[in-house]
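Asks: First to last, the protein sequences are chains A and B.
Our numbering puts the first sequence at residues 134 to 634.
Our numbering puts the second sequence at residues -13 to 438.
Simulated from the structure, these hints should not be mistaken for laboratory data.
Glycine included, C-beta positions come from ideal geometry on N, C-alpha and C.
Hints are supplied without guarantee of correctness; some may be wrong.
[Unchecked claim] Computed Cβ-Cβ distance ranges for the label pairs, DEER-style:
no., chain 1, residue 1, chain 2, residue 2, range
1, A, Ser456, B, Leu120, 50 to 56 Å
2, A, Arg465, B, Ala179, 24 to 30 Å
3, A, Lys202, B, Lys354, 54 to 60 Å
[As the list claims (entries may be wrong)] Listed next, the in silico SDA-like pairs over lysine to any residue satisfying Cα-Cα at most 20 Å (straight line):
no., chain 1, residue 1, chain 2, residue 2
4, B, Lys354, A, Pro463
5, A, Lys346, A, Gly317
6, B, Lys187, A, Glu239
7, A, Lys346, B, Phe356
8, A, Lys623, B, Asp391
9, B, Lys146, A, Phe469
10, B, Lys354, A, Ile478
11, A, Lys537, B, Lys37
12, B, Lys65, A, Lys346
13, A, Lys537, B, Gly16
14, B, Lys388, A, Pro463
15, B, Lys103, B, Glu13
The chain contents come next:
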Amino acid sequence: MKRILKLMAVAVFLLAPVSSLYAAPLRVRLAEFKVTGAANRDELRGSLQALLASRLEGGELQVVDAGEKADLDVAGTYILFGKVFSLDARVSSSGKVVARAFEQGESADDTIPAMGRLAQKLLQEIGKYAAKGGEASGAAVAVRGVQESKGEVIRPEPAAAKNAEGDIIRAERSVRAEGSGMIGQRLEGDLLGMALIRRIDAEQREIVVADQKEIRLYLQGKELRLLAAEKGFGEDENIIGIDSADLDSDGTAELYVTALRGSELSSRVYLVEKGGLRKIASDLPYYFRAITIKGAERKVLAQQMGRDEDFFGDLYEVAKKGSGFTIVNPVRLPRFANLFNTNIIPAKGGGELFVVLHPDGYLLVYDRKGENLWRGSDKFGGSETYFHREDSQNMRVTGSQYRKRFIEQRLTVTASGEVIVPRNEGSFVMGNSRSFNKSSVYAFAWNGAALEELWHTKVSQNYLADYAYDQESRELILLEVVKKEGLGEKGASAIAVKRVE
Amino acid sequence: MKKNLVVLGAVALSAAAAVPALALENEFHGMYRAYGYVSNAHTGGGTFNLKTDGQDRTNSYMEQRARLQYIAKASDDLKLVTHFELDSLFGGQNGGKYTNTTDSGSLDADGVTLETKNVYLDFNIPSAPVNVKLGVQPYADAYMGTFGNFDGAGAYATGKFGAFTPSVGWFRVNEDKNLAYPIGKLTTDLITADVKFAVNKDVTVGANYIYMGNDGRTGNSTVADAALPNAEKVHTFGLNASAKVGPAALNAFAAYQFGDYKDATNQELSAYAGAVTAKIKAGPGNVNLAALYLSGDDTAPAANHKQEGWQSLASNGTTSYFNAANTWLLIRNGACINTSASIGTNDLTKGGRGLMGFFAGYEGSAGKVFYAANAGYAQTAEERGNEDGAIGTEVNATVGYKLYDNMSASINYAHAFLGKGMNSTTASERIPGGASDAADPYAAFVRIDYAF
């Protein structure tokens, strides 16, 4: 009998923690980390937050999103001095600090293990707090360790665990997304350009994508349906960009294809009609880029190529007259600006300013006289798209008969004056060798003195080749390269749609 | 208190270490190129040896070149450009510039290989649209390299005033260190002035002047420098143009030289040169055409004789190019590395006889495959005595594959049919560099390129 009682006592002791699993979990809200002294601060803020969240999440704790009610708030900081870092966390309830914990390490390699240790400490502290009856929901919380099965592998959170607030991280605020927004459909090829043709309804739109030799028209809904493809580009012809507009306002969008034949411009214009593409002009000596002025007027701008200069002279507006195209209204560009790295934003108090992406990736703002008003300190842009120019005069120095000229990521200005700019990053980016493998999209607003960040998307593990912004639905349509072309291997791309809340 | 100060100092040091050392933007570029040659003329040492027919020998070797460029940008208006070169012959070599060591191609690779290509400061003048480059920098003449494309120590300023792009420069390319004379006395200097005007997007015209003063030719020099020019003072004026006409991209120049040829009695100089090149869209690729004329003299330099042979900066042709030829044997190719030699040396002037050449080719690509085929003919512009000026005719072909975006591999073959001036069995009919009954030279080679 004694033995039976002993066994029962042991069973009760062992099962006690299990019973807690059926209790209501504590709801914990995790803020973005504050990061000091480290490069890539923006990226780290969200990454560290995600690391800690995945280690706290479990039967006893439920990590909730920024907008939801929570029993506890956790704020973390990451401070780097030389190679030594410290992870500090503070747990508060109704503004009152109820627990603190920290962990430190001596190299970046130790960051993830340290985060695991920090999570374990926090769980213990939160357990103590809950055991005291605290101000929490009264749920019993058992102290547990970080699940061994997770190890150091950070698994992407399933889409079901995320709410549908959008995929945008507001400055100083984390907003989770409904997945990555990516349409799970591989598009063949390393695509390099995209253009939004028209919005059909709330669920569907027509988009065009392009690689170096081909243009494809898709109906984009929850999946992509190929409507038409144009492959009539020769072996020495290369597309470097596509843009769309309806310049003659006839209800049919034109597709402006910037292409080179050899080292010379040989661009084309197509009409996108009846679910197909019809060529209406070819061998045009212009680079094209479409921009929206003040959120309404869609214009196509053009620039020409010189004998020595890749981008010759002023910027022009393209005018469509019948089936012909001319360039009108020249605009003098400021320093570092060319058609592909420039847009126009409204100035405070009227007038317009140029926003320019510097060749090194810094955002610049100029007035119409060309005076530089502001220069950012973070790098943006980054494109793998380039064209060749004959350069045999410098062959002795460069070793090549041709030189590469990269074109820059498009800058978009929204109806409300926000400046949208992508950022590509990569480990294999040096000189003229570019292979980006991470991307995000940022938005800024001009406050009269500087560009201030409004939001940015979470980092994607893919190179962003191009994007479009749907003003009406406030959605970003992102063209991401999910598989780079390799030796004997074809590349693949995908479309992601992210809503800007 | 002292302990506190020590702690504070340590904290300050740690904080300083955490801050980036300098606010510099670092930019790196580089290239790697390797050739594997089988040739009866190229030797891997930069010489071109014609072999008598029947004594034909086949050389086979590999060589490589890497270049690394580091640019330290302090701001948009100031940067330091450094550029280095590393050459190696597989198996190593110890001649020429490797007198005291081998290159790194020998066993254990311990040779001294690193060479300076460029080191210069590149800055903009505040509040003026003028850029200045100061130091050892690349220079390309406006005569398609027939006078001199080189890396040299000097200063070069370029302005940008609307459609006008003027520039002026000074280079000191030789300094005789004979201590009997003050430093700066026996020098070879270049002064250049250039202006380009973009008429519109399709037409650019330019004018150019180069003065070369060669004090080392006064007879006082004790330095035997093969790179010294033959002339003492040369003024070169030229006009050039670049235009896009329909499917063709055209480039042309014409230039006239005058001055004092050598230090001997009354040897004046009067020479001229011209070239035109065209790249014409045709089918899936381009047709390349080029013609070159450098004036020559049918009489060897002598007292009281006006020399009419075009002068290059370096008399041995070290710094002379004509890349539009797209040849490998008649005129060295711009893509050559250590094997940078051609029939009868790289001296385009052929010892003052001048040169006349016609070249044609086609290049294209199909997906990742690229190809080219070229042909060219060259002869001296003038013949001396019984000489026959025919140098030869070259045909060459290339087929390559783009392995990665920045890397390609190709196989190439070039064959020259020698003219009588290069292989006549009669010595008086041959021009310098020729050999009696010489076999037609060829070169078959694989090439690997990587650039970033």
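Asks: Are the Cα positions of Lys65 (chain B) and Lys346 (chain A) separated by 20 Å at most?
Replies: violated, 38 Å
Asks: Evaluate the given range 24 to 30 Å for the C-beta pair formed by Arg465 (chain A) and Ala179 (chain B).
Replies: Holds, at about 29 Å.
Asks: Mind checking the alpha carbons of Lys346 (chain A) and Gly317 (chain A) for me, to see if they're no more than 20 Å apart?
Replies: violated, 24 Å
Asks: Lys537 (chain A) and Gly16 (chain B): Cα distance at most 20 Å?
Replies: Measuring from Cα to Cα gives roughly 13 Å; hence the hint holds.
Asks: Is the gap between the beta carbons of Lys202 (chain A) and Lys354 (chain B) within 54 to 60 Å?
Replies: holds, 58 Å
Asks: For the range 50 to 56 Å, tell me whether the beta carbons of Ser456 (chain A) and Leu120 (chain B) fit it or not.
Replies: holds, 54 Å
Asks: Need the status of pair Lys354 (chain B), Ile478 (chain A): alpha-carbon distance at most 20 Å?
Replies: violated, 41 Å
Asks: Is the Cα-Cα distance between Lys388 (chain B) and Pro463 (chain A) 20 Å or less?
Replies: Violated: Lys388 (chain B) and Pro463 (chain A) sit about 40 Å apart, past 20 Å.
Asks: Within a Cα-Cα threshold of 20 Å, do Lys354 (chain B) and Pro463 (chain A) meet the stated pairing?
Replies: Distance ~39 Å between Lys354 (chain B) and Pro463 (chain A) Cα, so the pair is violated.
Asks: When you check the alpha-carbon spacing of Lys146 (chain B) and Phe469 (chain A), does it fall within 20 Å?
Replies: Distance ~14 Å between Lys146 (chain B) and Phe469 (chain A) Cα, so the pair holds.
Asks: Is Lys103 (chain B) close enough to Glu13 (chain B), meaning Cα to Cα at most 20 Å?
Replies: Measuring from Cα to Cα gives roughly 17 Å; hence the hint holds.
Asks: For Lys537 (chain A) and Lys37 (chain B), compute the direct alpha-carbon distance and say whether it is at most 20 Å.
Replies: violated, 41 Å
Hint check: violations occur at hints 4, 5, 6, 10, 11, 12, 14; the rest are consistent with the structure.
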